[in-house]
Each structure stands twice: as C-alpha cells, then as structure tokens.
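Undergrad: Those protein sequence lines, which keep their order, are chains A and B. Letter by letter, the first sequence follows residues 42 to 836 in the numbering used here. Letter by letter, the second sequence follows residues 222 to 378 in the numbering used here.
None of these hints come from the bench; they were simulated from the model. A hint or two may mislead.
Claimed, not checked - Straight-line C-alpha distance at most 20 Å; calculated EDC-like pairs for lysine to aspartate or glutamate:
no., chain 1, residue 1, chain 2, residue 2
1, B, 238, A, 346
2, A, 439, A, 346
3, B, 238, A, 209
4, A, 137, A, 209
5, B, 365, A, 701
Here's the letter readout for the chains.
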Amino acid sequence: MSEVIGIGASPKRKEDARFVRGRGTYVADIKRPDMLVGAFLRSPHAHAYLKSVDVSDALAAPGVVAVYTGEDLKKDNVGGLPVGWGISGKDGNPMKEPPHPPIAVGKVRYVGDAVAFVVAETTDQAEAAAELIRVDYDVLPAVVGVVDALRAGAPAVYDDIEDNLCCDWDLGDAAAVEAAFREAAHVASVELVNNRLIGNPLEPRAAIGEYNFATGQYTLWTTSQFPHVVRLLMGEFVLHIPQHKLRVVAPDVGGGFGVKQFHYAEEAIVTWAAGKLGRPVKWVARRSEGFISDAHGRDHVTEAELAVDENGKFLAMRVKTLANMGAYLSTFGPNIPTNLYAPLLSGVYRIPAIYCEVKCVFTNTVPVDAYRGAGRPEATFVVERLVDLAAREMGIDKIDIRRRNMIPKEAYPYQTPVIVEYDSGDPMGCLDRAEELADVAGFEARRAEAAARGKFRGLGVSTYVEACGLAPSRLAIGLGARSGLYESATVRVHPSGAVTVLIGTHNHGQGHETTFAQIVSQQLGVPFQDIDIVFGDTDRVQHGLGTYGSRSLVVGGAALSRAGDKVILKGRKIAAHQLEASVDDIIFENGEFSVAGTDRKKTFKEIAGSAYVPGNYPLETLEPGLEEQAYYDPINFTYPGGAHFAEIEIDPDTGIVTLERYTAVDDVGTIINPMIVEGQLHGGIVQGIGQALFEHGVYDQSSGQLLSGSFMDYCMPRADNMPQIVLEPHSTPCAHTPMGVKGCGECGTIGSPAAVMSAVVDALKPLGVSHVDMPATPNHIWNIIRNSRAQIAAE
Amino acid sequence: MEIGFTLNGRHVEVSCKPSTLLSDLIREQLSLTGTHVGCDTSQCGACVVHLNGDSVKSCTVLAVAADDGEVRTVEGLCAVDGTLHPMQQAFHENHGLQCGFCTPGMLMSAIDLVKHIPDPTEAEIREWLEGNICRCTGYQNIVKSIIAGAAAMRTAS
C-alpha cells in the first residue's frame, strides 16, 4: 500500500504485524543482563498495626539478595506516592491527604498492602523467601463499605482523620434546587449502588528497574498508560531522581482501561532497589496479586432525586453520593467521583438546577481510582435511572420523556448548570436512529412471544454524554489538577520524505500506530506505509501526559496536526526559495508545493531531501532540517454522546439474564478510522455490560478479605454471553478540536450499564420491581423474583 | 530433568525441574515470549499452545509432559518468510485484536477449533472460546475473524 491513506479510511492496523506473530514486547517479556527478580509479601489483614517485621530467615534463604521493609525505604528518604489531583471541600478546606508509603510503615490498611519486598536470583526463590518473613500483626477491626465507614464508632483507617472522611465536596446551586423541588409536580427518587469493579487488563502489571553507576541513569520499564507522568511523579516526589537521569519506558502494554494510569508503589520500589543493588530488578504481578494491588473502580452509594413538572419536564436534580477511596488516595482517586462525575449530571437534558454532594470516604480496601469511563458511567447511571423512574411513575413512555427534555441540536453550545458547556451534539438524532435500528416498534410482539415461552423480556434505553479529551489545563488546574493536561507531538521528516512521529500518548490497544499515521498521511501526502509512530519512551518522546479519558486522538491528534502544520509552513518557505516565489503564493496540496496559478511545483519528498542537502536553500533565513514539534492544550472538553438500546430476557426459574440485542448510535465527532472506532465501541459496550451483569468486587464485611480475588470469582464477559452489537455513527463534529474529533474509548462503557439495567427493570415490571442494583447476576435476579412474587402473594 | 521435544519444527533439549510449567519453560528458558500468562487459575487462555496437535493451557501443563512430543506456539504459525497463517491473516483483516495480549491464545484456540469443526457456526465459536478471555474487543471481531479464518483454512487445505 504505497499510497496516501487518510481520514475516514479503514486501513488494517500496523501494530497487528507484531501481535499476531507473538512478537510484541510486553514488560514481562523483557530480560536484562544480570537481572534479579522481586516478590512482595502483602498483608493478609485488612487493618493491623505492624508490631515487627523480622526478615532474618528470608535473608538467609537460598538465592536471596535483599529484603526491604517500609522502614528501610523511609530511612533512605523514599517519599510517599503523590496524588495528582487535589480537591477541596464545601468549607473550602483541602481534602485529607494522608501519606502513602510504597511499603507500609507502622500499620497496614488493606488486604494486599505491601509489607516487604524480597529480591532474589529467581522468582521461585523470592516467593519462597517471602513466606519466611515473620510479621507480628496487631489486628484491628476493619471497615470496607462507605456507609459503615461514616457511622459513629467505625474503625478509623487513620487515627487523625475524623469519620474516615477525606473530603465533603459539592457542586451546584443548592438554593435553586430546593426552590425547584418545592414547585415540582412529581419527584422521582432512587437509592442505588454503583458496584465496585476491578479492571483486569489481561496483561498483569509488571516493572523492571535498572541503574547505571557509570552515568547515574535510572531506567524503569513499566506497564503504564503514561510513562512521562510516572517519570514526573516517581522522580520528583518518591525517589528524588532528576528527570534527565530517569528514563521510563512503557513498551507494548496489554490493555489499560485506567488501571495502568496511576503511579504505583511497585514502580518506585524496583527502581530504588535496582539503585541499591546495582543490578536490574524485575517484578511481575500474579493475577491474584493484581486483584489486591491494582486500583479498583466505581464503588458509590447514592441517593438521588429528580423534580419534574406536570408535563414531564425536568426542573431540578439533587444527588448525594458516598464514594469509596479505599485505604489510600490513588493518583487521581479523589478527582473521579467529584470533577469527573457531578459535571455530567445534566446528561443530554435541560435540567435548570442541579446540586450534588459527594463524600469521599476512606475504607480498608484497595485504593479506588479511574476505570474506563471514570465518574461518567456513574453519573449516567444516576441520571438515566431517575429518568426511567420518573417516566414510569408519571405514566409517560420512557423514550418520550427523554425527547421532551433533550437538548435540541440547535441549542448547542449548551451551558449546563454544572460547569461544563457542551460545544456540539445531536442527542435527538442519535435516539431517533437507535430507536429505528433497535426495532423498538416490534418490541411488544417480541415481549409477548417471550412471555409465551415463560420468559420475561425487557427493553432498556440510555442516553449519555461524556466529557472527554482531558483536558483544558487552565480549567483542570482550577479544579485541582496538579499538572497540565496538554499533549505534545513531533513530526520528524526524514531526508527520504518518510516520517517518524514521536507522541506523548500511549497505545495499548487503541490502534494509534494506524490512526495517527492516517492523519499524517492525509496532511502531508506521505504514503501510509512510510509513517511510523513512536510512543512510550521518555528518552525518545519529548514529553506527554499519556492515554486516558479518551484524550489521545482529541489532544494528541491535535498536537500532531499542529506539528504537521508547522512542517508544511517550513516546506512552503523552502519551496518559495526554490520556485522563486513568495511564501504567500506557495500552496500545499496532495503532497505537492506549488506556485498558485502555475505548474511550477516541488514534491514533499523533494523538499524533505533538500532540507537535509541544502544546496538550493534559504540558509540565511531558515535552518536546515525538517522536524517540527507542537504542544496542544484544548480549550474545552469534548462531549461525545449517544443513545443505546438493550433487549434482554430473564429466565424466572434460574434468574439468568440473557442479552438478546444491543444497539448503539454514538456521536464521536469526526471518525478517522471507522474500523477502529467500531472496535473501541464494541469493547467499551461489553465492559459496561460486564458491570451490569457480572462484575463485582466484593469484600467480606467483617474481615475485609477480597472475596472476588481471581478470575474464578470475578466474572467477566465471555464470548458466549455476548450478543452481536449493532452500531451506527451519528457524528456532529466537535466545534473546537482541529479535526472535529471527540474521542471514543469510553463511550460504550458509559452508555451500556444504564441501558442494560433499564432493560432488566423493564423485564421485571410485571412483578412491580422498580430498581435493580448491579450486577444483575442470576442469584440476585432469582432472589428479586422470589421476593417480589412472595410480596404479591401476600397482598 | 532433561527433556527433548519438537518446538515449532525444531528439536530442543532442555533441563527443567519436575515442577516447571510448560508456559515458564517456553517463556523463560526458551525465550519465546509470544505465549502470555494472564492469570493464575487457568481461566484466561492467553497461554494456549498446541501440544501434540491439541490446544492446551500451557500454564496448567508440566513441561515434562512435552518430553518426546511436539509443541507449537504462536511464533510457529507463520512461514519462515513471515507470511501469516490464514487465521493470523483473518485476525488482521477483521480487526480481531486490540492490545494483542490475548491474541496468541485466541489464535491457537481458534486453529484447534477449526481442526475439530472445519466450518463452525457463530454459536460454536463463542462456546469454544469459553476458555479464552479478551478484555478489549468484546469478542465481536474475534468471532468474525474466526469465521473468516476457518473459511480460509478450508480453502487452503
């Protein structure tokens, strides 16, 4: 394919060439010369004082080189893990931000908290020696749920933090909401749980640290979505390594979903240990270890109310959420249930007044942070449950009530009452088309047919909007971000005219090597095959903030296109000199620089060559070479959205929910590669279905043990319980990004839980069920059916 | 223990412990890292290889079980010149992979499926993949890939 492949085409992915051959390079695949292996001893208790940690037997074990405890790190001035986004409470005071030592000091606060790190010649030796460490725990009562943690007399995760409360935060106009509720003809209310999730990218986390005594250079290979941010956080705050002496490499990474966008203790510990020992140190998580050390997601308990007038128009919304932070604040932990949650509570609707209160609560559980969607699926679930309930209670069709309240296309840009201003969108268009594709008109016949077979059939709908393309730095910093959120890209044009792009986002399944090459191919007229994308290495890529929050194409792609603009501008100057014309008269089209209105032209390749062999070149005014760098800081978030329909059947004898049909019409703005966008939507939708039907991170309430601690206990979607998904785009270009893109990585996960649960509740309507918490497992549904029938019989 | 077997068409002799897992032998001692380990409970299927022609989860097979046998890993699927196996080509053509971590196991399982059922239905494919977890694709394009790959394998044979 020696041609230009541009925006809107679906070339097959470049990255596949190595992955289908088994030739990817993931961190666990890397071996360094003279490498040691480390294993952690982790706390089996949810809450305990560490009275003593005796490592003498472990140190004497075969092959063991070192054993480190929290005290060893502390003595060496190793810092705590920093939080990247701080928030302040209603009272204006900053959140409580307790220290987060990489290895526990004095007290362990969750099952999985690191107690010691053993370094040995082999994995077997390190793991065997870890068993020999004698820890004297003084076990304390533990608390794992947010409601329990706030109760008077609850175990204190921190002695000096009252009520386990990290922050009591709010957003919106409480007085306006109270006034609107007084006028309401109807108030719909719901109490719901947004279930704790464990992201489980299929590649377990891993890290290798290395130190070069000759240069003072540290290198960390890590399974990260944002190597430059790890370099910043670990270098500056934890290990005090100047950034020019620290290289962080995130090579091929086997899925992220947010789980790999935090700075983890293990990264710092292997790097530090490598410096102490003068040999590379590798750690690879066992899956069971990942369950108790990867940050978890969601875990909200919420009470919400929607005030509606007599015509079914929304007047105001009031939301109170308790959000689990876990035992320590993870990198973005406090930001997720606040800034990425409350501003999305307007959904795609006109809701004049919204007030949201969020209490962030410490518990004796694994830290909670972003997981695909991060705050926005939680918000969507609240909004859509309330809308469904209002419709049902007022006797209005649930699709109709959505139409009555949707923001019409003409009303964009639309300022919500909760900070964000949507730049573009057409939720009505998405809903209309999805309704058609889902054959909603034929649903009642399908329901009757299912009923004849003894099955409950339900139709569910959700609409959603998300704030993506994180993020406008000024706004984000105003909301507590401790870093900028721009992105950077370099376009390096080689003398041959081929291009290498160096970009600060990270590709771990999203197909950037293909999509970004399409952008360059179209912009510069360079053959698709002559473009390579480099990412994931702080020594190769100038700077970057990484990949999360559906930002790579929106922010990184914009930086790339800006860098391409600079290349074209310089090319025009070179061409002007060679074609003896003024720069203003040089136009660049289809890979050629030409003098407007003439046939005098130079190809991109010729100009690239002459930039490096500058015989006929304006050296007096222009440097040789053709390489340009750009940073892009977005002026607003982007707001993808859409409408999803789910159709399910319930077998009342077993409680099994079967997903029969799934239809999604999404607005992701301009689409660069339709094939890749569809793939992102499929994956996102199925992860959301996982939340709705299967996935649940469950802790034992008294012991604080994680009960869903393996793939045997934590159920994720399999091929045989997923339907074919019907997708169609309905794009309105973003008004402020250079290509009109909005981002698509999280859409599916945001829209699908609400759609599926709407269908489950609809199916159970004959039994009088008005709300079902996630996940709708067979046991959960069977119990609801049994109890509802018993209640009906009693009446 | 000293064992010998055919690995992707060449004979190898290695020494390992009786407790060494086939996945560890392949990855750590023989440095073929295309076979991945994604869990420790035989659930995810990223480690699937062919042992004597059948798909097995190499994390659940002792290395000594390969003695005198034949092992094929994902690296052994394509031709020496890099030409892809029809199933690899089908995954590429149908966007049947995203992060690539489950892909080796998916390919090895899919090829074994086609050996048993040359023209599998969508339902048969989905059931066969019960032991392979993908967290990225939602399976839709994997199923599509396997339908296409099976057709290409039938044509090729």
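Undergrad: What's the verdict on residue 238 (chain B) and residue 346 (chain A), does the C-alpha distance respect the 20 Å limit or exceed it?
TA: Distance ~63 Å between residue 238 (chain B) and residue 346 (chain A) Cα, so the pair is violated.
Undergrad: Is residue 137 (chain A) within 20 Å of residue 209 (chain A), Cα to Cα?
TA: Given pair residue 137 (chain A), residue 209 (chain A) holds - Cα atoms ~10 Å apart, limit 20 Å.
Undergrad: Would you mind confirming whether the straight-line C-alpha gap from residue 238 (chain B) to residue 209 (chain A) stays at or under 20 Å?
TA: violated, 56 Å
Undergrad: With the threshold set at 20 Å, check whether the alpha-carbon distance from residue 439 (chain A) to residue 346 (chain A) stays at or below it.
TA: Distance of about 17 Å is within 20 Å: holds.
Undergrad: Between residue 365 (chain B) and residue 701 (chain A), does the CA-CA distance stay at or below 20 Å?
TA: Holds - the C-alpha atoms of residue 701 (chain A) and residue 365 (chain B) are around 18 Å apart, at most 20 Å.
Checked against the numbered hints above, the structure breaks hints 1 and 3 and satisfies the rest.
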